[in-house]
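Chain residues, written in single-letter form:
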Amino acid sequence: MISLYRILLRISVTRGRLLAFLAGGALLDLIAYAVRVSDYANRETDVYQLLDLAALALYVPVVALVFSTSSLGDLAQDGTLVYVWLRPVARWKVVLVALASTLTVVLPMTLGPVWLAIALAGASWQAFWAITASTTMAACAYTAVFTAFGLRVRHALIFGLGYVLIWETGVASLGKGPAALSIRHYAESLLAHLGNQTVPGAIEADLWPAVIVLAAVTLAGATLTTILLSRQDVA
Amino acid sequence: MIEIRNVAKWYGGVVALSGLTATIGRGLSSLLGPNGAGKSSLIRILCGLTSPSQGSVRVMGKDPRTSREIRKDIGLVPQQERLPPGVNALEFVAMAASLQGLPDPAGAARKAIETVELDPNDRRHLSSYSKGMRQRVKIAQAIVHGPRVLILDEPLNGLDPRQRSRMAQLFIQLGSEDRCVLVSSHVLEEVQELSSTVLVLAEGKLAAEGDFHAIRQLLDDRPHRIRLRSTDPLRLASGLMGSGTVSAVQTAGDNAIVIDTWTVSPFRRRLPRLTQELGVRLLEVAPLDDDLESVFRYLVARRSP
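These protein sequence lines are chains A and B, in that order. No gaps in the numbering here: position 122 of the first sequence is 122 in the numbering used here, and each next residue is one more. No gaps in the numbering here: position 16 of the second sequence is 16 in the numbering used here, and each next residue is one more.
Mixed in with the good hints, there may be bad ones.
Pair ranges (Cβ atoms, derived) [stated by the list, open to error]:
no.	chain 1	residue 1	chain 2	residue 2	range
1	A	L18	B	K62	40 to 46 angstroms
2	B	M60	A	V171	49 to 55 angstroms
3	B	D260	A	I227	57 to 63 angstroms
4	B	E177	A	I227	35 to 41 angstroms
5	A	R152	B	A106	31 to 37 angstroms
6	B	Q80	A	L18	40 to 46 angstroms
7	A	L181	B	T66	32 to 38 angstroms
8	B	P287	A	R154	40 to 46 angstroms
Don't read these hints as lab results, they were simulated from the structure. Note that CB positions come from ideal geometry on N, CA and C, so glycine has one too.
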């Protein structure tokens, strides 16, 4: 399975993607530094708002979307899935390897800029732990959901971007109802509770329901991917 | 080893396979048919990559769609050319060996790559390989675990004549080793080289089956339509009708006639002598229905009730 992990990793990590997301991460860090120099007194609150709006609502889901839809999804689209599918390996193991290889890229790509943003903004250690936990859980949930999405939907990247931009960053902020159906909502709740800080504009859920929902979404995404892979018509 | 019972496959309103029943045993067999005949659909069903819309398939007694066990015994060379980007041949074939659960994936991969006459130490990515080399890598990943059922979808595509001949010899050898090897092709000459049992598929139906010589006989034993252009078409037409080698003659303009014959070999032998006797100069002889697709269409029509 190690060889499959390596190959999936190599397929999804391209120079273009890395450069694009490094640029995105650098922009986040630049804004974090601007927060520090422009409003030092309220920087902690401003940093939480920045991490919610820029990282949890946009950067983390987009990074997860790009790498997740390209792991099994690209194989299914270009016909190379057959080389994995026609092997005597349990489907759940293939899915686990795909998720592990995707998270190997997604976690450093998201946590790196976020940690740097915390440092540049001069925020507290509590903020560091809070954003680490919320980013990790959100990345896992998005990765699991988008891997299933990539396997099932053609042009998953375009539709996924639509979902992130319209639902996660837009509609989910309008009230408790839509927020309950948004991964970002639970991630920002986690950020607020662990950081013991109010996130301006966030609709908060309780701590443990947020943790349980994020874990459940990850598990559901992985299970759905396994089912879809088992029933997949392979070209 | 492979049992196909009344299998049909349709995609929306398009019928790819219709009521197909056949048994494929040990040894080398060929699946012959024109493009679009349903060969790849059948192969996907045999490997469990898709379900039949109707009927059933058993490979060594198991359903290939649901049985994980049977995948240990199946090797497939798919038709599509694409291979994973960013990896070399050894990594790719070793991945196949590892997923098959072999104890020494790298060793098995090296051996399989050498079997298809490639260099396992070549570190270039597969994307830089020629079409023929990629085709051989696909064969290597299919044979790396020594499957008892080996299915190859147009495996000789893209190979030069020398490679084609070497790979054909490899398939013959694999077929002689107590395993079932099924090779699909739309080229009659490729099947001839394999000298195997042949299943002819056309328009989603089994048009004929038997050894190659029986199939060749079937292909010849059919009405042929030939266009003849000469200096005196009416005199030639009358002479041919009297020779007993043609069943129908019609004029076609431009000094041409079109004849139908059931006995193409005697007709070909008689024609030069006849033109000489009649004092007619033959300007052109053109078979009108010798392409393989029209032959397959004829076989399907002949088999239909």
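Here is how each hint holds up against the structure:
no. : hint                                : in the structure
1   : A:L18 / B:K62: 40 to 46 angstroms   : holds (44 angstroms)
2   : B:M60 / A:V171: 49 to 55 angstroms  : holds (53 angstroms)
3   : B:D260 / A:I227: 57 to 63 angstroms : holds (58 angstroms)
4   : B:E177 / A:I227: 35 to 41 angstroms : holds (38 angstroms)
5   : A:R152 / B:A106: 31 to 37 angstroms : holds (35 angstroms)
6   : B:Q80 / A:L18: 40 to 46 angstroms   : violated (28 angstroms)
7   : A:L181 / B:T66: 32 to 38 angstroms  : holds (35 angstroms)
8   : B:P287 / A:R154: 40 to 46 angstroms : holds (45 angstroms)
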